[in-house]
Amino acid sequence: MEENKSKVTLHGMWASSYSKRVEIALKLKGIHYEYVEEDFRNKSESLIQLNPVHKKVPLLVHDGKPLAESQVILEYIDETWKNSPRLLPEDTYERAQVRFWVSYINQQVIEVMGQVLFQEGEAQAKSIEEARERFRVLEEGLKKHFPDKSIRESDDVGLLDIAIISTFGSQKVYHEVLGVRVINPVSTPTLYNWIESLKELTVMKEAEVPRDRLVPFLQMYRQWHLQQAANA
6 MEENKSKVTL HGMWASSYSK RVEIALKLKG IHYEYVEEDF RNKSESLIQL NPVHKKVPLL
66 VHDGKPLAES QVILEYIDET WKNSPRLLPE DTYERAQVRF WVSYINQQVI EVMGQVLFQE
126 GEAQAKSIEE ARERFRVLEE GLKKHFPDKS IRESDDVGLL DIAIISTFGS QKVYHEVLGV
186 RVINPVSTPT LYNWIESLKE LTVMKEAEVP RDRLVPFLQM YRQWHLQQAA NA
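If you read the sequence shown in the working numbering, its first letter stands for residue 6, the second for the next number, and so on.
One should not assume that every hint holds.
What the hints assert, rightly or not - Using 20 Å as the maximum straight-line C-alpha spacing, the simulated EDC-like pairs for lysine to aspartate or glutamate come out as follows: (1) Lys148 / Glu201; (2) Lys34 / Glu211; (3) Lys148 / Asp96; (4) Lys149 / Glu138; (5) Lys154 / Glu95; (6) Lys131 / Glu116; (7) Lys32 / Asp161; (8) Lys204 / Asp153; (9) Lys34 / Asp153; (10) Lys34 / Glu181; (11) Lys154 / Glu201; (12) Lys177 / Asp161; (13) Lys154 / Glu144; (14) Lys34 / Glu116; (15) Lys34 / Glu144; (16) Lys177 / Asp153; (17) Lys204 / Glu144; (18) Lys70 / Glu95; (19) Lys48 / Glu74; (20) Lys204 / Glu181.
The set of hints was computed from the structure by calculation and includes no laboratory data.
Given the sequences, and given the hints that come with them, work out the whole structure.
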């Protein structure tokens with residue numbers, strides 16, 4: 006098979022949701038790859054040389070050719086390895102809708118989640134309300150544009166599913182760290198059930214970030230940002 010003839014290397018970071026997206030896609034496609042764990046505070050020379058523009062993960066290297074940015078990488082994977090599951094729908098309108106809602110998650114939801122994580126007091130309370138509104142918009146969008154979505158096996162997983170599970174799969178950990186719960190069966194039932202269905206898949210369990218590792222990381226990361234803001 007083609008994937009066995011290619012050399013694929015993923016430079017990632019275990020807590021990066023964008024890196025996790027590429028990892029999940031590679032596993033779903035059955036692509037053999039080497040993994041290089043990067044340290045944000047001490048990036049490898051390979052990462053800097055191969056991704057000189059952003060110097061960030063994820064970085065995919067396919068037969069010596071580097072690709073940066075998770076969205077670019079995911080679409081490249083889908084176009085290069087055409088076996089199931091296909092990450093983007095064949096229908097052009099459905100494909101556009103998937104791209105739109107992935108973009109919404111990337112640009113609107115992740116931004117406000119970061120604000121909640123790195124703020125406190127009145128500023129955080131304001132960001133929490135904004136987060137709830139953006140999640141409401143996402144909830145309505147999922148219900149309207151993907152009413153018949155069913156996730157029973159790996160072949161049912163596409164680009165939007167990967168974005169959802171990588172971004173929100175650890176939402177219970179965020180609740181534990183912050184004491185704030187935005188995704189729940191009452192206010193966002195579609196999103197909540199979507200996440201729970203994805204978490205049942207073997208490939209998602211294999212890629213899941215361990216709670217006992219993520220909790221202290223988020224606590225440390227949050228305190229570091231709060232300290233940086235206080236010293237600014």
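Could you tell me which of the numbered hints above are not met by this structure, giving the numbers in increasing order?
9, 10, 12, 14, 15, 16, 18
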